[in-house]
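> Given chain F, work out where chains E, V and Z should sit, using these hints.
Number of protein chains: 4
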Amino acid sequence: MTRKRLKSDLGWSTTDRIVVRGHDLVDLIGRTSLGDFAFLELKGRLPTKQESVVFNAVAVTLVEHGMTPSAIAARLTYFGAPESLQAAVAAGLLGMGSRFGGSIEEAARTLQEALASGGQDADLLDLARGVVATYQKTKQPIAGLGHPIHKPIDPRTPRLFQIAEENGLKGRHIELMQLISEEAGRAYRRELPVNATGAIGAILGELDIPWQVGRGIAVMARAIGLVAHIQEEAGEPLAAEIWNRVESEASEHNRRNE
Amino acid sequence: MTRKRLKSDLGWSTTDRIVVRGHDLVDLIGRTSLGDFAFLELKGRLPTKQESVVFNAVAVTLVEHGMTPSAIAARLTYFGAPESLQAAVAAGLLGMGSRFGGSIEEAARTLQEALASGGQDADLLDLARGVVATYQKTKQPIAGLGHPIHKPIDPRTPRLFQIAEENGLKGRHIELMQLISEEAGRAYRRELPVNATGAIGAILGELDIPWQVGRGIAVMARAIGLVAHIQEEAGEPLAAEIWNRVESEASEHNRRNE
Amino acid sequence: MTRKRLKSDLGWSTTDRIVVRGHDLVDLIGRTSLGDFAFLELKGRLPTKQESVVFNAVAVTLVEHGMTPSAIAARLTYFGAPESLQAAVAAGLLGMGSRFGGSIEEAARTLQEALASGGQDADLLDLARGVVATYQKTKQPIAGLGHPIHKPIDPRTPRLFQIAEENGLKGRHIELMQLISEEAGRAYRRELPVNATGAIGAILGELDIPWQVGRGIAVMARAIGLVAHIQEEAGEPLAAEIWNRVESEASEHNRRNE
Amino acid sequence: MTRKRLKSDLGWSTTDRIVVRGHDLVDLIGRTSLGDFAFLELKGRLPTKQESVVFNAVAVTLVEHGMTPSAIAARLTYFGAPESLQAAVAAGLLGMGSRFGGSIEEAARTLQEALASGGQDADLLDLARGVVATYQKTKQPIAGLGHPIHKPIDPRTPRLFQIAEENGLKGRHIELMQLISEEAGRAYRRELPVNATGAIGAILGELDIPWQVGRGIAVMARAIGLVAHIQEEAGEPLAAEIWNRVESEASEHNRRNE
Numbered sequence: 044m045t046r047k048r049l050k051s052d053l054g055w056s057t058t059d060r061i062v063v064r065g066h067d068l069v070d071l072i073g074r075t076s077l078g079d080f081a082f083l084e085l086k087g088r089l090p091t092k093q094e095s096v097v098f099n100a101v102a103v104t105l106v107e108h109g110m111t112p113s114a115i116a117a118r119l120t121y122f123g124a125p126e127s128l129q130a131a132v133a134a135g136l137l138g139m140g141s142r143f144g145g146s147i148e149e150a151a152r153t154l155q156e157a158l159a160s161g162g163q164d165a166d167l168l169d170l171a172r173g174v175v176a177t178y179q180k181t182k183q184p185i186a187g188l189g190h191p192i193h194k195p196i197d198p199r200t201p202r203l204f205q206i207a208e209e210n211g212l213k214g215r216h217i218e219l220m221q222l223i224s225e226e227a228g229r230a231y232r233r234e235l236p237v238n239a240t241g242a243i244g245a246i247l248g249e250l251d252i253p254w255q256v257g258r259g260i261a262v263m264a265r266a267i268g269l270v271a272h273i274q275e276e277a278g279e280p281l282a283a284e285i286w287n288r289v290e291s292e293a294s295e296h297n298r299r300n301e
Numbered sequence: 044m045t046r047k048r049l050k051s052d053l054g055w056s057t058t059d060r061i062v063v064r065g066h067d068l069v070d071l072i073g074r075t076s077l078g079d080f081a082f083l084e085l086k087g088r089l090p091t092k093q094e095s096v097v098f099n100a101v102a103v104t105l106v107e108h109g110m111t112p113s114a115i116a117a118r119l120t121y122f123g124a125p126e127s128l129q130a131a132v133a134a135g136l137l138g139m140g141s142r143f144g145g146s147i148e149e150a151a152r153t154l155q156e157a158l159a160s161g162g163q164d165a166d167l168l169d170l171a172r173g174v175v176a177t178y179q180k181t182k183q184p185i186a187g188l189g190h191p192i193h194k195p196i197d198p199r200t201p202r203l204f205q206i207a208e209e210n211g212l213k214g215r216h217i218e219l220m221q222l223i224s225e226e227a228g229r230a231y232r233r234e235l236p237v238n239a240t241g242a243i244g245a246i247l248g249e250l251d252i253p254w255q256v257g258r259g260i261a262v263m264a265r266a267i268g269l270v271a272h273i274q275e276e277a278g279e280p281l282a283a284e285i286w287n288r289v290e291s292e293a294s295e296h297n298r299r300n301e
Numbered sequence: 044m045t046r047k048r049l050k051s052d053l054g055w056s057t058t059d060r061i062v063v064r065g066h067d068l069v070d071l072i073g074r075t076s077l078g079d080f081a082f083l084e085l086k087g088r089l090p091t092k093q094e095s096v097v098f099n100a101v102a103v104t105l106v107e108h109g110m111t112p113s114a115i116a117a118r119l120t121y122f123g124a125p126e127s128l129q130a131a132v133a134a135g136l137l138g139m140g141s142r143f144g145g146s147i148e149e150a151a152r153t154l155q156e157a158l159a160s161g162g163q164d165a166d167l168l169d170l171a172r173g174v175v176a177t178y179q180k181t182k183q184p185i186a187g188l189g190h191p192i193h194k195p196i197d198p199r200t201p202r203l204f205q206i207a208e209e210n211g212l213k214g215r216h217i218e219l220m221q222l223i224s225e226e227a228g229r230a231y232r233r234e235l236p237v238n239a240t241g242a243i244g245a246i247l248g249e250l251d252i253p254w255q256v257g258r259g260i261a262v263m264a265r266a267i268g269l270v271a272h273i274q275e276e277a278g279e280p281l282a283a284e285i286w287n288r289v290e291s292e293a294s295e296h297n298r299r300n301e
Numbered sequence: 044m045t046r047k048r049l050k051s052d053l054g055w056s057t058t059d060r061i062v063v064r065g066h067d068l069v070d071l072i073g074r075t076s077l078g079d080f081a082f083l084e085l086k087g088r089l090p091t092k093q094e095s096v097v098f099n100a101v102a103v104t105l106v107e108h109g110m111t112p113s114a115i116a117a118r119l120t121y122f123g124a125p126e127s128l129q130a131a132v133a134a135g136l137l138g139m140g141s142r143f144g145g146s147i148e149e150a151a152r153t154l155q156e157a158l159a160s161g162g163q164d165a166d167l168l169d170l171a172r173g174v175v176a177t178y179q180k181t182k183q184p185i186a187g188l189g190h191p192i193h194k195p196i197d198p199r200t201p202r203l204f205q206i207a208e209e210n211g212l213k214g215r216h217i218e219l220m221q222l223i224s225e226e227a228g229r230a231y232r233r234e235l236p237v238n239a240t241g242a243i244g245a246i247l248g249e250l251d252i253p254w255q256v257g258r259g260i261a262v263m264a265r266a267i268g269l270v271a272h273i274q275e276e277a278g279e280p281l282a283a284e285i286w287n288r289v290e291s292e293a294s295e296h297n298r299r300n301e
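Chains as they are written, first to last, in our numbering: chain F, 44 to 301; chain E, 44 to 301; chain V, 44 to 301; chain Z, 44 to 301.
Wrong hints could be hidden among the right ones.
The list makes no distinction among identical chains, and a pair is therefore deemed to hold if it is satisfied within one copy or across any two copies.
Only pairs whose alpha carbons sit at most 30 angstroms apart, straight line, appear in this in silico BS3-like list of lysine-lysine [to be verified]:
#, residue 1, residue 2
1, LYS180, LYS86
2, LYS47, LYS213
3, LYS213, LYS86
4, LYS180, LYS50
5, LYS194, LYS47
6, LYS47, LYS182
7, LYS194, LYS50
8, LYS86, LYS47
9, LYS213, LYS50
10, LYS50, LYS86
11, LYS194, LYS92
12, LYS182, LYS92
13, LYS180, LYS92
14, LYS182, LYS86
15, LYS194, LYS180
16, LYS194, LYS213
17, LYS194, LYS182
18, LYS47, LYS92
Hints were generated in silico from the structure; no laboratory data involved.
Excised from the complex, chain F in its bound form (with noise of 0.2 angstroms):
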């Protein structure tokens, strides 16, 4: 059997030097941002400074979403397994799956398969309807639109597309994606504005990043924010009583019911 080299473009090192995506680290350190060096580290060059501004705008509205049952998870585990930060902040990550991190992901992937499947010159209306009549004959609902919670409009949607204009990235990924909630509007006939994973979505494809790492820029902010509940949880513990109340409640309905 032929063997296949092993080879990684990220990083690799000698005795005196430390190597990633081309650059030496250490002209790096003090230089470059955490948002800056994600962005070199999935894009493979330092982004310009639009770009910076763009993408750290989008991994910052991903960090802290409160008690979310990802947080909640961290810290049960945490209460558990005090020796093993990491795996507190794994488990939340573990929740980040199709319900949360996945929606970026299909908001990004619609509009990055729509605008491909048009071509460059196709009408972006047109575009937009047949996404939303994809989504009527499953009877999902349209990734990217509507919020439980913040009503009648999500406002990071409108501050990350402020943000994107002004950097110059505003194009046919936002538009489309507009342009889909416009729609949307119309054939349900309610208020369907777009919300930051939508928001998000898009701005992904302004930056050129395709839509199967949408996913990931999730997971990496989200590992901040997890971080951070650790913290608070090592000092104000509520694990211990989450666990109580909902063990107290089943078991008080399990002894009645004999």
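The following block gives chains E, V and Z in isolation, referenced to the frame of chain F:
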């Protein structure tokens, strides 16, 4: 039983507002970089310009270390569960335990505890000698000194200390780390320069970040690197090749021994 | 908002009693084997003698598959976090996704959905032809057929079917699986025997275990195997050797290309 | 650099054979129960009839503990990533750390180390007094004694010890555990009966299973319980309700404090 109130100072929201650490998220998006946002999450306030440079320098240093056990584990996990990018990243993070993430924690703890025990006016040379003596008794290698590959010095260390100094953040933690290196060199009669782990451990002290969070800084940074590894693995897979080599060598050994 | 009551039928306790699935745990300890207890957990009742033999046979088949990607990932994780055996096992389980655990699920689903759609009196040969035709259209390999290594047949399959038969549990799921194999062989003009995954997928149907739980059977069994791998790794470590080989080959590639 | 050979004694295969721990897997399928197979994996040989009863009794005791932090974390993870049953189970296992799985480990270690240090002829009462004195000095609770809920005694303990006795496996580890309980009762002037963790820790010693594997027994057993929790969660979801309660209480706290 009295109920403890569930609360978190990290994030919460209303219909028209999302608040993170007391800031309206919409005010931060576009103005705050990912690294500064991480600082806010951990410390409850935005960094000064100087703290920002130093904190980002530390975080950037921890993102990418090439083909580590963590990166290989993440790639093997992705091979089996390509539908769960988050699970592959989580698997990689799970290896950031006592051997890797733990070493930063230990370096930071050694310094913070020594300085706390000694008080404001403690003589740093005395503290350094005490630390070295304690390690000598337990026959453990001193956290933060020496490196198997980067010889004679770890190139990241002088750079990190330079940045700390340029930003007014070279204080007693860094000084103590350097004295420990000198004293250890004398005690063990060989060069034991401060490595990147030791430099970061010391700088965490200068940033007033408790050692318990040290591993968390490594975890949040490495999550970024692991997403990049999965992106690369998706395009140029190595996992099957690694698996085949390991599996066939192990099986051959058994077949021959029959 | 109305509150939904939190309850679970699995386990609960009082000061002097622990109840699992309606049984006093103390009555089960010493009388029930681990495999039968797993059956109880999943089905809500203890197995008959025949079901016990067949269920344990299925579970046993899934415990140990040698140096799989999962086992290697678990060992690499243990190397970095030897204080967290549970994290190493968890890392290994995370790779039991669509490629591995998922294939049992798919085989079981194919059979259960075909039989459900056809009704009690459906002709099995018609169903088998329908399944093969559906797969041919999507150009996907049929779940549960063929094996890259075990040729011409997977030795586990005849043994598993024999045990099912001896215990009165060879019914329409197994029959349909075998007909699919024959029809697929005709359609693709090569031998496509039922592999262990297909045999297990069929037997789950005979045991009336829904396909959605199929991956869970693999996960619970493999957890045992992974604990054994970590025990072996603790005594005779391989992780460092695997890491060194992969890392040095990848770094050499980069050094040469400079 | 010399290469270390990669090998494993657990499992390997050829085209027509699968070997686990030296046995042809096909010979084991249908004859060996899941619990006995786990014993084989860990010990390298099948259990005697007596060992089988005792080992299965221990494993069964560890499968299901109701709505533990682990079970809740697994359910919350499944809510976010329903496509990854394995990730939900893994998240649950990650909480089996020092607080839960670790306590079995510590009980087993205390006994095994005391007996090893004392030699074959050591007086058990002396050893028990030594153990209690050591714990008193560190002001830590003695591993394996007392229980917050099951009072005055943990009903699993007498049952487990009875089974060990009936099967000729009540030896010096169990005797020492019982003496520690008596001595501790005297030293602390309150009843400190052996709990299930202590009973299991002692029996592991009787089965000649090293304490380092103690946490692994808990992990493999609990993996079964967690699959059952995910199956129940899929049918009767609780995660959203738990999330909503925690999130709304935490958010309300913040809103009021503005």
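> Let me make sure I understand: some of the numbered hints might not hold for this structure. Which ones are they, in numerical order?
1, 2, 4, 9, 11, 12, 13, 14, 18
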